[in-house]
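K.L.:
Use these hints to put chain F with the ligands onto chain S, whose structure you have.
Just so you know, the protein sequences line up as chains S and F, in that order.
So in numbering that gives the first Met the number 0, spot 106 of the first sequence is number 105, and the numbers just go up one at a time.
So in numbering that gives the first Met the number 0, spot 120 of the second sequence is number 119, and the numbers just go up one at a time.
Everything labelled a hint here was simulated from the structure, so no lab data went into it.
Each hint should be verified, as a subset may be incorrect.
If several chains are the same, the list does not tell them apart, and a pair holds so long as it fits within one copy or across any two.
Unchecked claim - As a list, the in silico DSBU-like pairs of lysine-lysine whose alpha-carbon atoms are at most 30 Å apart:
hint : residue 1 : residue 2
1    : Lys1      : Lys61
2    : Lys97     : Lys1
3    : Lys104    : Lys61
4    : Lys1      : Lys43
5    : Lys104    : Lys92
Number of protein chains: 2
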Amino acid sequence: MKLGDGVEQAVHSVTMLAVLPEGGLLSAAALAEFHGVSPSYLLKHLQALSAANLLATVPGPKGGYRLARPAEDITLLDIVLAVEGPEPAFRCKEIRQKGPNPLPKSAFQRPCQINAAMLRAERAYRAELRAVTVAQLVREVEEADHDGAIARRGCAFLDANIRHTPTSR
Amino acid sequence: MKLGDGVEQAVHSVTMLAVLPEGGLLSAAALAEFHGVSPSYLLKHLQALSAANLLATVPGPKGGYRLARPAEDITLLDIVLAVEGPEPAFRCKEIRQKGPNPLPKSAFQRPCQINAAMLRAERAYRAELRAVTVAQLVREVEEADHDGAIARRGCAFLDANIRHTPTSR
Ligand code: FES
Ligand code: FES
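Looking at chain S on its own, in the form it has when it is part of the complex (with noise of 0.2 Å):
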């Protein structure tokens, strides 16, 4: 079981547009340079989270991403599933129902238990992520930013890369 870099790469851009001011925007290029990633692998990700409507894009060369709602109301799991699809990481293939002799299709009413064992498993994971929303994971970073540095690095970046929004000005 793997999830895809993407994820890492999602979560963190989306972690750095929650703290851009109002109307403020970042190019997907400056997003795949901070985090030193590819920007066509990256821009794959983001285009995935503006479908899921997490991001708003502001189109044109001097446009970019910003959050499509407030931070608190953005989950982990909102964004692995945007990432990686929406479907359980186990996927039953019914193999009971194969081989030699097999049974009616009647015998097998109720989902193979191996199936929802496995369905359990996965909806306590999403729980999990579901419980962490994108703006406890700022304030996470920010309390284990003892110095200040992380946040300075980060500052001057965004100084450097905003954009905002035209409606904004």
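P.N.:
Okay, now just chain F with the ligands, sitting in the frame of chain S:
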């Protein structure tokens, strides 16, 4: 996030081996036939289960697989980790340390809070899988088999395919 098809095949195979009488064995070919899956693909997963000490192997043309320990002592987590490997689904690449003007390593003594949150979810997932034993799965499958049709098909297949460990004759 996706688990390989091997997990379903491995759990079903282990569950089938759990109902063998003392000293009974099944070949990889029989397990593959019963579940309608590719023998070479299943073999790889059975070998992983053996390497993890969940299955014992009797080599040779009359050999096969049996559980290496009681079904009460094998959990769903044991099987998933044997097939998928021990690494967590989320693998932090420390992208917070990349990009322009990187900070000294000393700024990152604590794990990234995003990584920590993802690993909390993984722990919840694993705890849920660790709580389910193969013995319990066998009981649940039996309970769901109201008219005994699933058991009858399984028993007929076992009767035709069971082998015996040489020492148990
Ligand atoms: S048939 Fe898919 S998990 Fe049992
Ligand atoms: S640096 Fe990897 S999750 Fe934050």
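K.L.:
All the hints need checking, so say for each whether the structure fits it.
P.N.:
Status of the hints after comparison with the structure:
Taking the shortest alpha-carbon separations for Lys1 and Lys61, neither the intra-copy value of 36 Å nor the inter-copy value of 37 Å comes in at or below 30 Å. When the C-alpha separation of Lys97 and Lys1 is checked against a cutoff of 30 Å, the pair qualifies both within a copy, at 28 Å, and between copies, at 22 Å. Taking the shortest Cα distances, Lys104 and Lys61 never come within 30 Å of each other, neither inside one copy (58 Å) nor across copies (34 Å). Taking the shortest Cα distances, Lys1 and Lys43 sit within 30 Å of each other both inside one copy (19 Å) and across copies (19 Å).
Within a single copy, Lys104 and Lys92 get their C-alpha atoms as close as 14 Å, which meets the 30 Å cut-off; across copies the closest is 46 Å, which misses it.
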